[in-house]
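A.B. asks: Chains as they are written, first to last, in the numbering used here: chain P, 3 to 332; chain V, 150 to 425; chain L, 142 to 408.
A hint or two may mislead.
To be verified - With a straight-line cut-off of 30 Å between C-alpha atoms, the simulated DSSO-like cross-links for lysine-lysine are: (1) P:Lys141 to P:Lys202; (2) L:Lys232 to L:Lys157; (3) P:Lys141 to L:Lys341; (4) P:Lys141 to P:Lys194; (5) L:Lys157 to P:Lys147; (6) P:Lys202 to P:Lys147.
What the hints assert, rightly or not - FRET-style restraints, in silico, Cβ to Cβ: (7) V:Leu300 to L:Tyr379: 38 to 48 Å; (8) L:Arg401 to P:Ala7: 43 to 53 Å; (9) V:Leu344 to L:Tyr379: 54 to 64 Å; (10) V:Arg156 to P:Ala321: 25 to 35 Å; (11) L:Leu398 to P:Glu253: 33 to 43 Å; (12) L:Ile395 to P:Asp240: 34 to 44 Å; (13) P:Gln154 to L:Glu337: 53 to 63 Å; (14) V:Gly388 to L:Thr198: 38 to 48 Å; (15) P:Glu253 to L:Arg397: 32 to 42 Å; (16) V:Ser206 to L:Gly372: 33 to 43 Å; (17) V:Thr208 to L:Asp189: 16 to 26 Å.
Worth flagging that the hints you see were computed from the coordinates, not collected in a lab. Quick reminder that beta carbons are idealized off the backbone N, C-alpha and C, glycines included.
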Amino acid sequence: MPQIAVQDLSKTYRVAERQSGLVGAARGLLARTYRSIEALDGVSFSLEMGELVGMIGPNGAGKSTLIKILCGILEPSSGACEVGGLVPWRERIRHVARIGVVFGQRTQLWWDLPVIDSFELLRDIYRVPEGQFRATADKLIALLKIEPLLDQPVRQLSLGQRMRCDIAASLLHSPSILFLDEPTIGLDANSKLALRDFIKTLNREQDVTVILATHDMHDIEALADRVLIIGNGRVLRDGPIAAMRAETLGERRLIVDFAEDVGDIDIEGAAVLARTGRRVEFAFDPRVTTAHTLIGRITADHRIDDLSIEEPTIEELIARFYSSHGAVEA
Amino acid sequence: MPATIVRPYLAIFAARFSMLLQYRAAALAGIATQFWFGAIMVMALAAFYGSGRGAPSITLAQAITYIWLGQAFLGLLPWNVDTEIAAMMRSGNVAYERLRPVDTYFYWFARALAWRAAGTLLRCIPLLVATAVLFPPMGLGDWSLRPPPSLEALTLFALSMLAVLLLSSAITTLLNISVIWTVSGQGINAISNSLVVILSGMVIPLPLFPDWAQAFLFVQPLAGLVDIPYRIYFANLSGAAAFGGIALQIVWTVLLIGLGRLLMARTMRRVQVQGG
Amino acid sequence: MDALRLYGRYAATSIKAQMQYPASFLFLSLGQFLSTVVEFVGIWALFDRFQSLVGWTLPQVALFYGAVNISFALADTISRGFDVFGPQFVKTGDFDRLLLRPRSTPLQLLGHELRLTRVGRFLQGALVLGIAVGLLDLSWGVREVALLHAAIAGGVAFFLGLVVLQATLAFWTVESLEVANTLTYGGVYAAQYPIEIYSKWLREFFTFVVPLSCVAYFPIVGILGIDDPLGAPKWFLYVAPLAGFLFLAASLTIWRLGVRHYTSTGS
Numbered sequence: 003m004p005q006i007a008v009q010d011l012s013k014t015y016r017v018a019e020r021q022s023g024l025v026g027a028a029r030g031l032l033a034r035t036y037r038s039i040e041a042l043d044g045v046s047f048s049l050e051m052g053e054l055v056g057m058i059g060p061n062g063a064g065k066s067t068l069i070k071i072l073c074g075i076l077e078p079s080s081g082a083c084e085v086g087g088l089v090p091w092r093e094r095i096r097h098v099a100r101i102g103v104v105f106g107q108r109t110q111l112w113w114d115l116p117v118i119d120s121f122e123l124l125r126d127i128y129r130v131p132e133g134q135f136r137a138t139a140d141k142l143i144a145l146l147k148i149e150p151l152l153d154q155p156v157r158q159l160s161l162g163q164r165m166r167c168d169i170a171a172s173l174l175h176s177p178s179i180l181f182l183d184e185p186t187i188g189l190d191a192n193s194k195l196a197l198r199d200f201i202k203t204l205n206r207e208q209d210v211t212v213i214l215a216t217h218d219m220h221d222i223e224a225l226a227d228r229v230l231i232i233g234n235g236r237v238l239r240d241g242p243i244a245a246m247r248a249e250t251l252g253e254r255r256l257i258v259d260f261a262e263d264v265g266d267i268d269i270e271g272a273a274v275l276a277r278t279g280r281r282v283e284f285a286f287d288p289r290v291t292t293a294h295t296l297i298g299r300i301t302a303d304h305r306i307d308d309l310s311i312e313e314p315t316i317e318e319l320i321a322r323f324y325s326s327h328g329a330v331e332a
Numbered sequence: 150m151p152a153t154i155v156r157p158y159l160a161i162f163a164a165r166f167s168m169l170l171q172y173r174a175a176a177l178a179g180i181a182t183q184f185w186f187g188a189i190m191v192m193a194l195a196a197f198y199g200s201g202r203g204a205p206s207i208t209l210a211q212a213i214t215y216i217w218l219g220q221a222f223l224g225l226l227p228w229n230v231d232t233e234i235a236a237m238m239r240s241g242n243v244a245y246e247r248l249r250p251v252d253t254y255f256y257w258f259a260r261a262l263a264w265r266a267a268g269t270l271l272r273c274i275p276l277l278v279a280t281a282v283l284f285p286p287m288g289l290g291d292w293s294l295r296p297p298p299s300l301e302a303l304t305l306f307a308l309s310m311l312a313v314l315l316l317s318s319a320i321t322t323l324l325n326i327s328v329i330w331t332v333s334g335q336g337i338n339a340i341s342n343s344l345v346v347i348l349s350g351m352v353i354p355l356p357l358f359p360d361w362a363q364a365f366l367f368v369q370p371l372a373g374l375v376d377i378p379y380r381i382y383f384a385n386l387s388g389a390a391a392f393g394g395i396a397l398q399i400v401w402t403v404l405l406i407g408l409g410r411l412l413m414a415r416t417m418r419r420v421q422v423q424g425g
Numbered sequence: 142m143d144a145l146r147l148y149g150r151y152a153a154t155s156i157k158a159q160m161q162y163p164a165s166f167l168f169l170s171l172g173q174f175l176s177t178v179v180e181f182v183g184i185w186a187l188f189d190r191f192q193s194l195v196g197w198t199l200p201q202v203a204l205f206y207g208a209v210n211i212s213f214a215l216a217d218t219i220s221r222g223f224d225v226f227g228p229q230f231v232k233t234g235d236f237d238r239l240l241l242r243p244r245s246t247p248l249q250l251l252g253h254e255l256r257l258t259r260v261g262r263f264l265q266g267a268l269v270l271g272i273a274v275g276l277l278d279l280s281w282g283v284r285e286v287a288l289l290h291a292a293i294a295g296g297v298a299f300f301l302g303l304v305v306l307q308a309t310l311a312f313w314t315v316e317s318l319e320v321a322n323t324l325t326y327g328g329v330y331a332a333q334y335p336i337e338i339y340s341k342w343l344r345e346f347f348t349f350v351v352p353l354s355c356v357a358y359f360p361i362v363g364i365l366g367i368d369d370p371l372g373a374p375k376w377f378l379y380v381a382p383l384a385g386f387l388f389l390a391a392s393l394t395i396w397r398l399g400v401r402h403y404t405s406t407g408s
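So here's chain P without its partners, still in its complex pose (with noise of 0.2 Å):
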C-alpha cells in the first residue's frame, strides 16, 4: 500500500494578463483577459513508506506545484492523490499534522524570537505531549548541533545556521513525511555535507519518507535512491538513479590537445564534438571503441601534448534530458 498515490494530476493556472502603460492600465481595469498555464500536465507517481525520492527540474517545471498539492495547500484542477490515506487538501489540518515541509527559501521559524521560543511554540501548534517534545527536541539539537543557537533571535543566524535550525523545527512533531525544497541553497559545502548526512540518517534509521526537491544534482547523487525528474509539467524520467549511472556507461569523452593544428579531424570511432584552436574534444562509446583504441589511432598519425578522458554527469545527462523534452526553464 503506497504512502504516496498520485494519479493523472493536473493543474491549470488562470493568470489575469497586466497591460502596460496608461491606456492599458485604464482597459484592464474595465475588461481582463486571462492566459492559462499548464503548471501539471497528468503526473503519475507512487511512493512507499520510507524511501528517499529526489525531484529534479528546470525552474518552472511544475515542482513546485507538484509539493504545494502533495502539501494540502493547493488544489489539483483534476487528479487523485492521496496521501497516507487522505486527500491533502480535503483535509488539511489532519494532514499537516502527519508532514514536515522545509522550504529552502524561506524560515518557518518566528524572525524576533529566539529559536528555542519558535520551538515551543511549534510544540503547542502540533500539540507533542511535552515529553515526547523533550526528547525528540534534545535529539534534534544533538544531531543537527544546534545547541549554541537556541538562544539567538532568528534573524541573527547565518544561513547554514538557520536552515538547520528549520530542519529541526520541521521534525518536532515526528512526522512521517519530509519535504524538503531547495534545502542546500546556498550553504557552504561543510554545510551541504552535513545536512546531507543528517537526511540520510533520518531516512534510514527512522524510516521517515523524505521527498528531496532540488537543483543540485549532487544532493540527489549523495541520498536519493530514486529520482523524478519532472519537466513542462509531467513525469520525464521516474526511476532508480542506478540506472541513470548506468546509462553513462555508453559515453565517454576524450579531450586531446594536439601539438600541432589539425585541420578536418576524422576518427574511426568517435565523434568531434567540439573544438578550440588545437583543443579537440571527441565523443565515444567505450564498450565499441575502447579508449586504449583511440588512442592509438589518434596519436598514430598525430603528435598530441596533453589528453583526458571524462565521463558526462548526471547533471548533463539531465540538462539533455530537458532539452530533448523541451523542457526549459521558464
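Following the hints, put chains V and L in place on chain P, whose structure we already have.
C.D. replies: Just chains V and L, lined up with the frame of chain P:
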C-alpha cells in the same frame, strides 16, 4: 539667474509629483473613507445646530461647507513623516544627501511640496464634484458644499490655499528633520497628528470651539492649514480680516522654514560628529 | 480548550517581543491615547456650545463613546494579523506556511501579534466611560453590568468580523483596499453618537446589515434605562449584542470561502 537656481528644485518637484500620481488605487479607496467621515460629521453638526442654542459664529451651511472642503483637501495636512527620510535619518545615510549640489533643506521642502500637492490633487476633485455639484440635483442641497459668495472670496481663497501648501510643506519638513532627535519616528507622528487634527479645525470647525479659546485658536500656526482658508472661502473672513489671515499663514510659514533650517544645520552637524 | 492555550502562548511571545522596545511602545500608546482624546474634545466642545444633541446630553453620549471605543480597542489589539494579511501573508506567499500548520488559519492570524499600544485607546475609552458613569448617576445592578459586558463582548466580535471581512478581500485583490478602514474606524466614529441623528436608511443599515448599533447603541440605551426614542422594544435591547457574534460567524464563513479560493488558484 533665478531660473537656473530654481531648476533643480523644480525638477525634484516634478519627478516626485508624477511618481506619486501613480497611486491611483489607494487614492480612490481613500476617497470613500473621507466621504464617510465627512458625512457623519455633517449629520452630527446638523443635529447639534438643531438645538437652536449656542450662537455659533458660522451658519450650518457654512459649517457643512467647511467640513467638505476639509475632507477634499485632506491631502494638504502635514500628516506623516516621510518614511524614506526617516530611515535615512536613523541610519545616518542622510549625510549622503549632502553630496547633491542643492540646499538640503529646500530639496526636502520641494519633496514635501510635491507629496502634498500630488496627494491632494488625486483626492480633491471627486469629493468636490460630488459634494458641490452632484448633491444639489440629488436633493441633498442642504448637505452640499456651497459655492463662495463672491469672486473676491474665491480669489482670496485660492491665495490662501497656496499659503496652505507652503505652510504644510514647512511643517512636514520640520517634522522630517526632527525625526533624528526623537527615539521613535512613529512617536512623533502619533503626537503631531493629534495636534494637527484638532488645532487645524479637522475635528470640528474652530469657530465652534468655546468663545474663550477663539483668540488663541486663530493665531496658532495650524489654523492656517484649514480654518483660515475655508473661512475666507465663505467670506466669514473677508477684506482686511482675510488679508490678515493670509498674512498669518505666511508669517508662520516663514518662521517654520527658519526653524527648520536651524534644526537642519544642527542635525547635519550632529550627524557628522557621530559619523553618520 | 487548547486553542485558548495556544493563543495564550502567542500572546506571551508577542508581548515579550514588544517589550524589547519600551520607548517605542510608550510613544505609540501615548499617540493612540492622544488621538482618541482629541476626538472626544471635539464632542465636548460641541456640547459646550450647543448644550444638547437632539435631546441627548454629554454624559449620555459619553457612555456611547466610551463603550464603543473600549470594544474597538480590544478588537484592534488582537486583529493585527488580519490587518496586515494582504501585504504580509498573501503577497509574500507566507500564508502557505499558515496552511501547513495543523491549526485554523483565523486562530493563527489572531496570534500573529498582540498590539499592546492599543491600550491608549482603551484607557481613553475607559476614562470617558468612567466619567460618564459618574456623571450619570445611574443605578448599577446586575442588569446594567451584564448589559455593559454584553455590549463590549458583542462589540469586540463585531469589529473582529469587520476586520476578517477586510482581510478576506486580500484573497481576491492583492491591492490593499483602504475602503475597509471606512468600516472599522468609520464605525467607531459613527457609533459615538446616538444613531438617532442619522437618516432612516443609515440606521437600518447599522441595525440589520452591519450591526453596529446592535453592539453600540441598543444595549447602552438599555443601561440608561430610558425608552429608545426610535421605538425599539425593550427585549431587543438585551438581545442585540448577539448580532455581533452572528456577524463574526458570517465573516468567518466568507473567510473560509476565501481560503478555498486561495488554495484552488494558488499564489
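A.B. asks: Work down the list of hints and note, for each, if the structure agrees.
C.D. replies: Structure-based check of all given hints:
1. Under the criterion of a C-alpha separation no larger than 30 Å, the hint pairing Lys141 (chain P) with Lys202 (chain P) is consistent with the structure, at around 16 Å.
2. Between the alpha carbons of Lys232 (chain L) and Lys157 (chain L) the distance comes to roughly 27 Å, so the proposed pair stays at or under 30 Å and holds.
3. Our distance criterion of 30 Å between C-alpha atoms is broken by Lys141 (chain P) and Lys341 (chain L), whose separation comes to about 67 Å.
4. Using a Cα cut-off of 30 Å, the hinted pair Lys141 (chain P) and Lys194 (chain P) holds, with the two alpha carbons roughly 20 Å apart.
5. Taking the CA atoms of Lys157 (chain L) and Lys147 (chain P), the gap is near 27 Å; set against the 30 Å cutoff, the hint holds.
6. For the hint pairing Lys202 (chain P) with Lys147 (chain P), the CA-to-CA distance comes to about 16 Å; that is within 30 Å, so the pair holds.
7. Between Leu300 (chain V) and Tyr379 (chain L) the CB atoms are about 59 Å apart, so this pair departs from the stated range of 38 to 48 Å.
8. A hinted range of 43 to 53 Å is violated for the C-beta pair Arg401 (chain L) and Ala7 (chain P), which are about 24 Å apart.
9. The hint said 54 to 64 Å for the Cβ distance between Leu344 (chain V) and Tyr379 (chain L), and at roughly 42 Å that hint is violated.
10. At roughly 55 Å, the beta carbons of Arg156 (chain V) and Ala321 (chain P) sit outside the given window of 25 to 35 Å.
11. Between Leu398 (chain L) and Glu253 (chain P) the beta carbon distance is about 55 Å. The supplied range of 33 to 43 Å is therefore violated.
12. At about 42 Å, the beta-carbon gap between Ile395 (chain L) and Asp240 (chain P) stays in the expected band of 34 to 44 Å.
13. Between Gln154 (chain P) and Glu337 (chain L) the beta carbons are some 58 Å apart, a value that agrees with the proposed interval 53 to 63 Å.
14. Between Gly388 (chain V) and Thr198 (chain L) the CB atoms are about 40 Å apart, so this pair conforms to the stated range of 38 to 48 Å.
15. Remark: the range hint 32 to 42 Å for Glu253 (chain P) to Arg397 (chain L) is contradicted by a beta-carbon distance near 55 Å.
16. A C-beta distance of roughly 37 Å is found between Ser206 (chain V) and Gly372 (chain L), which places it inside the suggested range of 33 to 43 Å.
17. Between Thr208 (chain V) and Asp189 (chain L) the beta carbon distance is about 19 Å. The supplied range of 16 to 26 Å therefore holds.
Checked against the numbered hints listed earlier, the structure breaks hints 3, 7, 8, 9, 10, 11, 15; every other hint is satisfied.
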